[in-house]
Amino acid sequence: MSNTPYNEALAGTLIDRTIREKIVLVAVGLPGHHEEEVDASLDELALLVDTAGADVVARMVQRRDSPDHTWYVGKGKAEELRQLCLAVDADTVVFDNELSPAQQYNLEKLLGRTAIDRTAVILDIFGQNAHTLEGKAQVELALLRYRLPRLRRGADAKLSQQRGGVGARFGGGETKIEVDRRRIMRRINKLERDLDDLAETRSLQRKGRSRSGLASVAIVGYTNAGKSSLLNRLTDSGVLVEDRLFATLDPTTRRLALPGGEPVLLSDTVGFINRLPHGLVESFKGTLEVAAMADYLVHVVDASASDPIGQIDAVHEVLGEIDAAAVPELLVFNKADLAPGAAKEFVADHPGSVAISAVTGEGVEEFLRALSDRLRALTVVYELVIPYERGDVLASVHREGEVVSVGDGVDAWTVRARLSDASAGRLSEFASPDVDS
Numbered sequence: 003m004s005n006t007p008y009n010e011a012l013a014g015t016l017i018d019r020t021i022r023e024k025i026v027l028v029a030v031g032l033p034g035h036h037e038e039e040v041d042a043s044l045d046e047l048a049l050l051v052d053t054a055g056a057d058v059v060a061r062m063v064q065r066r067d068s069p070d071h072t073w074y075v076g077k078g079k080a081e082e083l084r085q086l087c088l089a090v091d092a093d094t095v096v097f098d099n100e101l102s103p104a105q106q107y108n109l110e111k112l113l114g115r116t117a118i119d120r121t122a123v124i125l126d127i128f129g130q131n132a133h134t135l136e137g138k139a140q141v142e143l144a145l146l147r148y149r150l151p152r153l154r155r156g157a158d159a160k161l162s163q164q165r166g167g168v169g170a171r172f173g174g175g176e177t178k179i180e181v182d183r184r185r186i187m188r189r190i191n192k193l194e195r196d197l198d199d200l201a202e203t204r205s206l207q208r209k210g211r212s213r214s215g216l217a218s219v220a221i222v223g224y225t226n227a228g229k230s231s232l233l234n235r236l237t238d239s240g241v242l243v244e245d246r247l248f249a250t251l252d253p254t255t256r257r258l259a260l261p262g263g264e265p266v267l268l269s270d271t272v273g274f275i276n277r278l279p280h281g282l283v284e285s286f287k288g289t290l291e292v293a294a295m296a297d298y299l300v301h302v303v304d305a306s307a308s309d310p311i312g313q314i315d316a317v318h319e320v321l322g323e324i325d326a327a328a329v330p331e332l333l334v335f336n337k338a339d340l341a342p343g344a345a346k347e348f349v350a351d352h353p354g355s356v357a358i359s360a361v362t363g364e365g366v367e368e369f370l371r372a373l374s375d376r377l378r379a380l381t382v383v384y385e386l387v388i389p390y391e392r393g394d395v396l397a398s399v400h401r402e403g404e405v406v407s408v409g410d411g412v413d414a415w416t417v418r419a420r421l422s423d424a425s426a427g428r429l430s431e432f433a434s435p436d437v438d439s
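Counting the sequence shown from 1 gives a position; our numbering is that position plus 2.
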């Protein structure tokens, strides 16, 4: 592993990917969480662990009124967990609940092995799947924010820098933990500056796209719902498609012509998950802006999943965190080829939604018509008077909007077209005094 800051952030923090570690999963069911919910969440955690490159060898669940402040589980359960780890020769214990730094430290002392939480596993997977400079910077930032409060002095911690000379007797030098903390803070500050610069560049790119007059559509959804498969089906974009969680971290934008001929910009986004770590949401806010700035969201749902409604709620929660809750959405129940009955039921329960299979193409034409109708409803019909010598303007109207009618006058065309606000503003000099909205 190369000694870059990114790889340093990954090294020794989460799951060791050089071997298939043996993992014990632990969950604490608190009041308000039904047994089925706890089991489903553990099933998802098992998938996360497998995606991270480790094997689940045992599970443990405890019902409690509140977490224990020392070990999260009760004292007796913690000892039982230690015995279980010895019995199955586990390398690491993964809690489905979020551990405080102190709880993590106490568990590792008691168990004699690494103890991490769901957040750490998700961060590990993001670390594996980040490929672009921006993606790596976002993941490294989230990792460092996670590690910072978990820095701790070892039992045999020594001063890494001894002070010498006058005044040495009055105080020691810096401890290694202080040096590490300051080093991490410097790196965090640099990553934040770098990501701010990238966000500014992306903002300029967005303004350029806005000037094109094209509507923007963002594909959102739970991880592994089929967002990249849909983008590939619609645009032949060649985006990586894998049957694994968080295969896509870096957003991709492609141009798509809708059935009426009007073009839109279609963007893929990182998948969401139940209890997506807040640090990741913060680090990826720049990337996730594509959803907040979109004219419309295509919310892809895996109709074959065990709890599609729960996944919809999880996506809506993250959309709220990134200020995208107000963006209108079209629900698309994907994988209808795997669960045709369920897909039909969900469409019946959610009027206006559609069922598709991004793999077979089933229902895609209906989806495109629905998206076209939704976007058309957002636009206004403008009447323009375009001189015959300005064929370039007429071509621009055809390219950027949906032409409703063209009338021939004495020396100009009278064109009625649906246009975005950006296009209408640019063509305002040709606007007729009478505008039908």
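Be a bit skeptical, because a hint or two may be false.
What the hints assert, rightly or not - Computed list of lysine to any residue pairs in SDA-like fashion (alpha-carbon distance at most 20 Å, straight line):
#1 K287 with A328
#2 K24 with R65
#3 K287 with K346
What the hints assert, rightly or not - Each pair of labels, with its calculated beta carbon distance range:
#4 R401 with E284: 35 to 41 Å
#5 R401 with E38: 48 to 54 Å
#6 T362 with K178: 22 to 28 Å
The set of hints was computed from the structure by calculation and includes no laboratory data.
Even for Gly, the Cβ is constructed at its ideal location relative to N, Cα and C.
Hint check:
1. K287 with A328: holds, 17 Å
2. K24 with R65: Given that 20 Å is the threshold and the Cα spacing comes to 24 Å, the pair is violated.
3. K287 with K346: Measuring from Cα to Cα gives roughly 34 Å; hence the hint is violated.
4. R401 with E284: 35 to 41 Å: Check passed, 38 Å falls within 35 to 41 Å.
5. R401 with E38: 48 to 54 Å: Cβ of R401 to Cβ of E38: about 52 Å, so the range 48 to 54 Å holds.
6. T362 with K178: 22 to 28 Å: violated, 57 Å
In the structure shown, a violation is registered for the earlier hints numbered 2, 3, 6, in ascending order.
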